[in-house]
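S.K.: Got chain A; can you put chain B on it based on the hints?
Going down the list, the sequences are from chains A and B.
In terms of my numbering, the first sequence is numbered consecutively and its last residue is 322.
In terms of my numbering, the second sequence is numbered consecutively and its last residue is 255.
The set of hints was computed from the structure by calculation and includes no laboratory data.
Please note: incorrect hints may appear among the correct ones.
[Claimed, not checked] Quick partial rundown of chain B residues pointing at chain A, CB under 10 Å, derived from the structure:
hint, residue
1, ASP7
2, VAL19
3, LEU42
4, GLY45
5, GLY85
Just so it is clear, CB atoms sit at the ideal spot from N, CA and C, and this is done for glycine as well.
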Amino acid sequence: MAAIVTAEGLQKSFARRGSASPPVLDGLDLELEEGAVLALLGPNGAGKTTTVRILSTLLRPDAGRATVAGFDVVREARQVRQIISLTGQQVAVDDKQSGAENLTMMGRLAHLPRRVVRERVAELLTAFDLSHAAHRQVGTWSGGMRRRLDLAAGLLTRPRVMFLDEPTTGLDPRSRQALWDVVRGVVDEGTSVFLTTQYLEEADRLAQRVALVDGGRIVAEGTPAQLKRQVGEAGVELTFATASDADRVAPALGVATVDGTRVRVPTDGSVGHVRAVLSAVEAAGPVPEHWEVRAPSLDDVFLTLTGHVGQESPARTAEVAA
Amino acid sequence: MTYLLSDVSTMAARSLRLVSRDLDAMITAVVLPVVILLMFVLVFGGAVDIGTDYINYVTPGVILLAAGFGAANTALAVEHDMSSGMVDRLRSMPMTAWTVLSGHVVASLVKNLATTAIVFGVSMAIGFRPEASVLEWLAAVGMILLFVGWITWLAALVGVLVRSPDAAGGFTFFVMFLPYVSSAFVPVDTLPSWLRGFAEHQPVTPVIETVRSLLSGGVPTAADPVGVAVLAVGWCLGLGLVFAVAAGLAFRARR
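Next up, chain A with everything else stripped away, as it sits in the complex (with noise of 0.2 Å):
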């Protein structure tokens, strides 16, 4: 399959002249394969929304070059806004004004005939589940509906890519599902998406490909299996009162690690194995205080390809600013 959208050696940087702020972005490589979900995955101020803003043609690129269905991001930013949709991190929609409303004014902004924009409008509150508060003003619904109203705008023309800013930053678990099944949907229309998130399992459950960025440059890509065999497995943690009691019961683990009075064994998280290493623990006698089997998580993946946890808020102020 082709490549839809491409970006090579993308810098950026908000530095003020004689600021020693490292860029923003620092010789990005992406590539995103025409019908395909590919998610951007890391911390807050890793490079993601800037990574969006500059392949949705909101943002020029200080060096290197980014592609949209072979239109420079840049030089051909028109023909590119033509079959994109960009659905940022906020919600862009008027509060006081409906969802059929709001819906209405984008189809007419993107100069779709009247009917057209009629049948859309109509088309996407009932596959969005909206249909029942089309005629109430946005400001009254609830954040997961706001956030599908907000896709269902991206979504009137038919773009052949569609870029998604943490879509579901904020949203509780099941608004969060319906999204994922809305995202799920467009895909299969064919539409390509591009996808950040700073959640594993959400980039696990939608996309095909997944690239690790952080301090702006893309430091892991592949299926989310093979970047979790990289990250490894899942594993079972127990934690027992005191580290001596580790110590005793560690070796009749075979591969475990210890680390203080915590220990770890990596699983396949089957019921057998699982089984298999309590009775282990049982037999070698200490009892654990709390067990758990924990899988891998984006802090895990980050610790173990980049050697550190992201940074979390100060980073985060550093890329609203900018």
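M.R.: Below, chain B alone, put in the same frame as chain A:
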């Protein structure tokens, strides 16, 4: 280009819809100007002696003051668009993005036209007696809209530049200051000399004088009404052009 008109009208319709559903904006557009009019005429009016009915003198001034308040609302609306995700989405679409600003300005013109009609209506009900032909009425309203135009473009520029609703709200002080220090409410020769210099040479004064001489209900008007009118139109077109271009550039430059 072919879509320019349709984009602007779509955005203007949106702005008007938002304004009509925003209680604050509606109070600013409808209630506040009437309250100001009544206050000047009924409260201050008795104490101001300009040789004619004060209501004939002050009505155009109240309309320009109301235009300023209306523009302050535009600054808020533009700021809101800039800081919410709306502008990013519009920029990523194949429309000319600054039509967002034009939409706000067109909406402001329509809104102020309604405000103007309301203020004239109430003013006539309590004694305003303009003596003007249909043509003079049209010219007066045109003059008012030219004024609304430049001050709204300035408001749009402020809305693009500021980074918080509070800062956008600060624009209100500026638009209150301009009409107060002009011939809108008192003749400039009653001002202390250091203020008079400013009052005589700022854009509000010729606009006020022009509207007054067009509608003059026995109000003493400028010695050279045509010269003043040319000056007023020049001010409005000049400032409007400067601020429209500046707002457009600031909009493009802001990332």
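S.K.: So which hints don't hold here, by number, going up?
M.R.: 3, 4
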